[in-house]
Amino acid sequence: MNRFEWTDAATVHEAISQLNGRAVVKAGGVDLLDRLKEGLEAPQRLVNIRNIRGLDRIEEGKDGLRIGPLVTLARLSEDKLVLERYTALAQAAGRAATPQIRNMATAGGNLLQRPRCWYFRQEEFHCRRKGGERCFALDGENQYHAIFDNQLCAIVHPSALAVPLMAFGARVVLTGSKGAREVELERFFVTPEQDIMRENIIAPDELITEIKVPRLQPATRSFYIKQGEKESFDWPVADVCAVLQTKGNVCLKASIVLGAAAPVPWRASKAEASLAGKVINEQSAREAARLSMEGATPLAQNRYKLAVFEAIVRRAILRQASS
Amino acid sequence: MSKHDEKEKQDAGAFGHVTRRGFLKGAGLTAAGAAIMENGLLGAKDAAAAEAEPVVVGPGRVPVTLRVNGTVQKVQVEPRTTLAEALRFELGLTGTKVVCDRGSCSACTVWLDSTPVCSCMTLAVDVGARKITTIEGLAQSEELHPVQEAFIEYDAMQCGFCTPGMIMSCAALLNHKANPTLDDVKQATSGNLCRCGTYPKVFEATLAAAKATRKGGE
Amino acid sequence: MALQQSQQQKPSAAEAKTANTSIPNAARNPSNDEPNKKRNATRREVLPAGIVGTEGMNTVEREIPADEPPALKVNSSLAVIGRSTPRLDGRLKVTGKARYTADVRLPGMLFAQVVTSRYPHARIRSIDTSLAERAPGVRAVYVLDRVLGNAELRDKSKELPAKFPIVRFAGQPIAAVAATTQAEADDAARLFKVEYEPLPFVVDEDEARKKDAPLVFPGAADQGGTAGGGGGPQGVTQEGNVRGPVKSGPRGRPAGDINRGFAEAEVTVEGEFRTQVQTHSALETHGVVADWKEDGLTVYASTQGTSSVRDEFAAIFKLKKSQVRVVTEFMGGGFGAKFGAGNVGVIAAQLSKKAGAPVRLMLTRKDEHLSVGNRPSSIQKLRVGAKRDGTLTAIHLFSYGTAGTGTGAGAGGPAQNMYKCPNILTEEADVFTHAGPAAAFRAPGHPQGCFALEQTIDELAEKLGIDPVALRDRIDESPARREERRLGAERIGWSRRRRAGSDTGPVKRGLGVAQSIWYRFVNMDSACEVRVTQDGSVEILSGVQDIGGGIRTVLAQVVAEELGLKASDITVRIGDTAYPAGPASGGSVTTGSITPAARNAAFKVKQQFLEEVASALGTMPEYLKLGGGQVAVFDRNPNWSDGDRQGRSYKAAPIKSLSFRQAASRLKTEQIAARASRSDDYEKSRATYGGVQFAEVAVDTETGVIKVERVVAVHDCGRPMNPLTVESQINGGVLQGISYALYEDRILDRNTGLMVNPNLEQYKIVGSRETPRIEAILIEEYTGRSSTDAGGIGEPATIPTAAAVANAVYNATGVRVREMPMTPARVLAALQSARGKGGVRS
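Protein sequence lines correspond, in order, to chains A, B and C.
First residue of the first sequence: 1, per this note's numbering; consecutive thereafter.
First residue of the second sequence: 1, per this note's numbering; consecutive thereafter.
First residue of the third sequence: 1, per this note's numbering; consecutive thereafter.
Each statement offered as a hint is correct.
In silico lysine-lysine, DSS-like type, Cα no more than 30 Å apart, as pairs:
{"no.": "1", "chain 1": "B", "residue 1": "LYS177", "chain 2": "C", "residue 2": "LYS707"}
{"no.": "2", "chain 1": "B", "residue 1": "LYS131", "chain 2": "A", "residue 2": "LYS37"}
{"no.": "3", "chain 1": "B", "residue 1": "LYS211", "chain 2": "C", "residue 2": "LYS97"}
{"no.": "4", "chain 1": "C", "residue 1": "LYS156", "chain 2": "C", "residue 2": "LYS193"}
{"no.": "5", "chain 1": "B", "residue 1": "LYS74", "chain 2": "A", "residue 2": "LYS37"}
Note that these hints are calculated values from the structure, not bench results.
As the structure is a computational prediction, the values presented were derived from the model and not from experiment.
With the sequences and hints as input, model every part of the structure.
In structure tokens form, the structure reads like this:
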């Protein structure tokens, strides 16, 4: 880890006024410290935002749920309101990482963490995402890599929360020196084709200051499934969030987002469309699951992920029918 | 309410609500020219001044005050120094182990207030006013914590290198769940790696400690 | 010392050396403690023999050294030995006060960091240390002139001379630096300028076997028998990167004629099995604090062998052994790779010498994965022939595997030794690759070998239509395993086992069984001193180290039993070469080697104690009896209870009783002490240990995830000394086995040769949520081989687990997974391939 300066920001303004390429934000610090320890980055200054007041609230208003970026994963996973109404979000938060890390890691940090690709995470590999010439995963060890949109860079997006948040149609408020802007999460993340050096559109001098989850339609339920190789600390081989609005056992609207599938949280649009107006049953769930994998371009070692995704997409859909 | 919570409340009273200044005091950061008062808040003038000019410390060593196991400790660390390093190398509290150094194994678990965190992924300068409890501070003087007692009785250790972190996880569980299930214990230790494979006895010991604690409390 | 060498550790491959059941090295260096005449004096002694609770339980008469204690009764008749005894050091461990090497802090101590190669194969053109030397806090730098651990060319002239050691794997240490803080050392390590000439490399064992593969060594190479463990037999023929195959069998040589055996076979089964490279991943990394002084070197080491570490330091630095002191108070896990000084030790000592200050070097987690040992891979082609009744007619194993730049990838042990078969041939080859050298790892070769053998026996049973447990009853001659099968089958409910693939839903459950074989080794360099002081305190001293198995507590139990005290009354001082020589803890030898020495020393000191106390009390030593912390004084020998000449039968009654402490106060001098070394086993014929494990699994056939739900592990270890800690070791063996079976994999990038998962996040190790219900059952087996008749458990407990899980997976799904780790990817592929053949219902 390089030597750096440290400052505690008391306000959002104080933080963003210092941010530039060389001074970086530190919230929970889990992902940042990992990158620093791996020698991937060497910032001159860490701007600590962990103590900025007011950024750690969970509130439900008329428009829906507002989550402060400093809310920890642990709190999110145990919050009554979130558990009852936005179940999948609590599930995703509660299944991420380890209990200790969930006590430290923040919602904002989870959305902004850098990829866990084992090539990206090692200093020795100067990959495209670090300005290099190649993606080492494409013809290398790619069993945990992307099965969609993986031609240039095969990372999977690492955020567990992004999966349910995107399925809920969440937005993020970004506050920078030029003011605040609100962006749909769907447009927040960027694909390798758009910009291979980054995973989202946040500017160096911006903070996520709020995460907004729109009010759910009546009779809407959500479910999140993470499938790792292990249940104890492990990254997902596949994860999925299905948000279904139903009338009786008929699906009015489905929102299905896959994690660990692509460089961005991946919306399974065809699967969603196939469910609309259909009775939710084994057959329709199976069909949606099959469609969720349509267009996948698996690499040499990760074809098995298709089967895993199909299984958990189907199960996530059927869980709502049974609940 | 558990004993721990009660203690928590009292301590919170002693230190008061954390404000910007309070936080700085808590963090114990002494920037050049910015004297830190021992008690209470700084005057409004100082607060305003602080607002205008962020206090930047490092990259060299800075004085930091840590509240560890009921004591107040002053150390000089670089901002990049982790809490685990500060505890082990500056304060000689080597019960806290560093194994993966990346938050993957929880061997370095300490409590900040009552929350278990990885001290290898926490910077010492970032602890602030939060009270640190390490494995050395778990026992009340000579009397071991029930989880510690049970770990010995049930042989919930082999080489013992994961043991401090494991105990901090299990004791934290009992603090907020007096009557845990086997699944709760597995969940609480799901970040703790034990290479010797002692989990079955960790589960047994923790459930037994919970039982003993409940009996003791009746 | 070759204690952990896989090839040598198997009786089959080293028959000549292990025929006397002693560690070869030790056998060459018999203890000199005893005067020669005394050593030859013997007496006959009747000892318990057989398995408690079975018809075979009996006694055996042995010729034993005259000065050794009388036979120890079976555990149920003892007060301390055999009773579950909490660890004496438990309090230190649970309070964080136990001092591990990583915790040692000496005045003026410096911190070191290593510079390693980022190329798997390279010549180093130059190393510029000047920037590092000028960096803040730096006190010494060191450039390695020799790398330990790698195999070395037999004929050095086959390779162009090089100024610096040739880099043969990524992560090979090149240089090091010591500074006043760890951060400064880390910073300075980044300032070394190393100019490489990268060379072609190969990291895949199949690629490495090809004719045109880049060569790891440009000629035949052997792994030096360093104390670091690892290494196969020397002088084996080598072609390209392939060394061997070495042909072997049950007694070192192939048995019978496999061609005839297969011709006689009525049923033949065969298959190819693949196992991965596993890293030891001890939680405390390899590390030392080396303190070089004019008059000698003191090393605090995270090691399994204080004595083997001392020996290597003395050899490398040309010091007398008496000038090197190695201390291991507590150590954070050792599974076979922590025996020598190693590069870590040499670097720290060199830096300490240069800087004139103690130097601490603890490896990073990454270096721990890369450079200090691993379990070699294996690709095994196994063929077994049998008669219709199950009688085996032939076993043929052809295997190759990679130990990286080391040797010792054999996997033939189980095939050679587990079952009765007249015709056995194993052919084991090492394939050099540009990867970190292997080291011994908990039962070298055996978990791999069992994965193949025990699945093949399972297949054979199915083909013959015989229950797998019943088939083993026919072909396995071990009475211990027979009893273990009986107990285990009953406990798990083996009768519930259904036809393979019976479940119709997506999650399928099944039961599997597999067996373990391991061997009795004794390390003769096992000595203890027991002291009794006038204040009644008792100490035992030995160089032996407690690596987590609990020997500290067992030694106290042994002494306490002999002196009629409680284990907690005994102070145990171990883990220091300043004490009498202790055995290195490898090969599951610790308890079997050191406890007889402890008992013999305690017995000796007891005799002196009784003599002196009797004399002070004006009575005869035979009239005194120790027990319950008391010294009871009788009016005659209390052991004569069969009556007097007149035929009157009576029991001796104590006249009075003193506390042990009161009695000790009557000693003539402040302290009495006795030392004993290990004597040879009373019976030298070959002995094995084993176990039988039953696993119950659930396989999600849609996601490919295997969940082990329950394991029943029934084991023998001679006389169980402390069932509590033996159970812990069994739990650990099972869990490491599950971890190996399902999760762990050292993954090297095929294009760069770098390990992609050198951490504890993507190198996946079993965690709490994957821990099944484990039921450990111990049988008590006596063989009358030493004054404690104790054996070992560490290795046998991990050998069969992966195979038992694999057999359970087959029983669940009807599909065999022949490759580890059995990840979702592999399970799904196996299911898919079976579906293609119409073999699985879903």
